[in-house]
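If you read the sequences in order, they're chains A and B.
Number 7 in the working numbering belongs to position 7 of the first sequence; there are no gaps in the numbering.
Number 220 in the working numbering belongs to position 220 of the second sequence; there are no gaps in the numbering.
Errors might be hidden in some of the hints.
[To be verified] Per label pair, the in silico range of CB-to-CB distance:
no.	chain 1	residue 1	chain 2	residue 2	range
1	A	Leu-173	B	Trp-100	33 to 41 Å
2	B	Pro-147	A	Gly-224	31 to 39 Å
3	B	Gly-140	A	Leu-4	38 to 46 Å
[Said to hold, decoys possible] Take a look, some chain A residues computed to stay more than 12 Å from chain B by CB distance:
no.	residue
4	Ser-34
5	Pro-36
6	Leu-40
7	Ala-59
8	Tyr-254
Please keep in mind that the hints were generated in silico from the structure rather than gathered at the bench.
A virtual CB, placed ideally from N, CA and C, is assigned to each residue, including glycine.
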Amino acid sequence: MVGLRIFVYAVIALMLLPVLITFPVALTATSRISFPPAGLSLRWFASILTDQVLLQSIARSFWLALTVAVLSIAIALPCAFAAQRGRVRYRNVLETLITSPRMIPQIVLVLALLVYFEPIGLAQKFAGLVIAHLVVTIPFAFRTLLVSVATLDRRLEASSNVLGATPLQTFRLIVLPQLKTGMIASFIFTFILSFNNVTLALFLSGIGQRTLPVEMFTRMNVAGMTPVIPAISFVLSVLGVMLFVVLDRTIGVYRFLAARE
Amino acid sequence: MPRLAPQAISLALLVPILLLLIFFFLFPLAYLLHLSALAQQPTLQNPLPELSFVNYAKILQDSFYLSMSLNSVLVGLSTTFLTVAIAYPVAFYITRISGWERTLISVACLLPIFVNVIVSILGWYILLLPFGVVQQALAGLGIVSGPLQLLRTFPALVAVLVYEHLPFAVLILVSSLQAIPADKINAARVLGAGVPRIVFSLIIPLTMPGLVACVILVFSLSASSYLAPILIGGQRTPVLPLAIFSYGTELQNWPLAAALSFVLLVLVVTISYGFASAMNRIAKRGQWEFV
């Protein structure tokens with residue numbers, strides 16, 4: 001057990017190192033990426049706020065992720081109800097179809113969408129990007145919501161009906177509150193998936209319409225990279241870790257992520 | 001909500017998702033398959049070029065594409081092996097702890113899911129730069145002297161891919177290890193089995209379905225990943241996704257990109273399901289009990 005503990009903590013150090021290293025590198029006073037940093041300053045963190053292209057890409061990623069998260073729930077929740085409660089024939093076929101976009105490599109899926117969108121004018125449009133993200137995020141939203149719907153207490157709905165509530169009232173006052181946790185979980189998860197996705201936006205976002213991850217990718221890959229990229233990386237990591245800890249201490253990360261498998 | 005939704009209501013609830021998946025998942029894939037069998041790119045003058053297998057023939061005859069496919073498979077297999085070998089002990093440890101230690105270890109192991117993959121690739125890039133952190137550390141320990149080529153190598157690419165996919169493996173293995181009934185382990189212990197015996201003839205066979213799922217997932221994700229190969233591996237380790245991207249976007253040769261996509265898809269699916277059915281056959285022979 002001691003040997004195992006040493007091994008696990010070594011793995012953890014290696015998992016944290018690449019993310020933590022962005023902080024000292026971003027503190028440099030020069031415009032070169034180097035470790036240890038040459039001089040100390042916060043200028044690169046400040047320059048996030050003055051880099052218009054970066055700010056626009058952050059806003060675009062935020063709205064994209066928000067739209068995708070809301071639409072994923074709106075589409076996947078009715079579907080989870082139908083799959084769980086309705087007498088749907090071919091339920092297995094349905095579940096396989098809904099979860100199958102996860103089985104296709106994303107680079108293949110996005111190429112298919114690119115060649116399909118180009119003639120109908122959806123390529124390099126925000127709507128096209130939303131659709132592509134939905135195809136990828138809905139399987140995850142569906143899985144999480146299916147578990148929530150399955151664990152609903154049916155007796156509460158029966159009581160509500162007996163006491164004279166209309167179906168709509170029952171849904172709003174009895175069912176929705178019970179689904180709240182599952183909906184928050186799937187909202188956060190699809191938001192993260194969409195905000196962090198690179199491959200889809202790399203093919204489908206037009207020039208000057210880049211999302212944040214694509215902007216970061218392009219600066220790393222093509223143009224010279226200034227330490228503003230490590231700076232924004234560190235900010236993103238801190239936000240990601242905070243979200244994770246909140247999720248784990250409230251819902252339980254394994255409970256809500258494990259619903260996927 | 002009606003207690004039992006009649007079939008019509010169920011169907012109505014399913015309409016949006018079915019429309020989305022039919023029009024934006026099945027149709028595009030079918031169109032891609034069609035495109036891969038076209039002799040040339042459809043244009044306005046020539047919207048329907050003749051059908052042929054010229055793209056596939058080109059891929060199968062060109063040693064460059066063959067070595068790319070081989071690279072993809074090798075990258076996938078090495079990543080999968082290392083990921084599972086690291087994730088299994090970690091997942092085992094996670095199931096034995098609780099409270100803040102569990103949160104800390106989970107944060108670290110699942111970090112790549114919550115933090116953008118570009119961020120972690122950037123971190124590795126900084127670590128592996130010539131005269132970067134890893135080289136300085138190795139030089140400080142007196143292991144190496146002089147410049148060291150770390151970026152653009154096969155081991156560096158595999159290391160980053162292992163990093164990226166460890167969370168998925170840990171997640172699957174944690175839930176599969178948690179499902180082992182404590183009674184079985186206690187029974188084995190009471191009957192006098194030592195730790196190695198418990199691990200190899202009880203815990204590993206009982207988590208076999210999880211292990212198989214894990215291998216399939218990590219292999220299919222890593223063999224088809226694009227970002228780490230372009231940013232860390234570079235052209236020294238060319239893999240299929242690199243060619244798919246450059247023919248799909250920069251060079252605009254869609255039929256060839258489509259054919260390469262299906263080669264990748266067939267490779268990934270064949271190896272994954274080949275592995276799964278091989279494991280099933282072993283299980284049926286009675287060496288392992290799938291519970």
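Quick rundown of the hints versus the structure:
The hinted window of 33 to 41 Å between A:Leu-173 and B:Trp-100 holds, with their beta carbons roughly 37 Å apart. Remark: the range hint 31 to 39 Å for B:Pro-147 to A:Gly-224 is contradicted by a beta-carbon distance near 21 Å. Separated by about 28 Å at the C-beta atoms, B:Gly-140 and A:Leu-4 break the suggested range of 38 to 46 Å. Not every beta carbon of chain B lies more than 12 Å from that of A:Ser-34, the smallest distance being close to 8 Å; the non-interface claim is violated.
The beta carbon of A:Pro-36 is not kept farther than 12 Å from every beta carbon of chain B, the shortest such distance being approximately 9 Å. Residue-level check passed: A:Leu-40 sits 17 Å from the nearest beta carbon of chain B, beyond 12 Å. For A:Ala-59, the condition that its CB be more than 12 Å from all CB atoms of chain B holds, with the nearest at approximately 16 Å. Residue placement check: A:Tyr-254 does not keep its beta carbon more than 12 Å from all beta carbons of chain B (closest about 6 Å).
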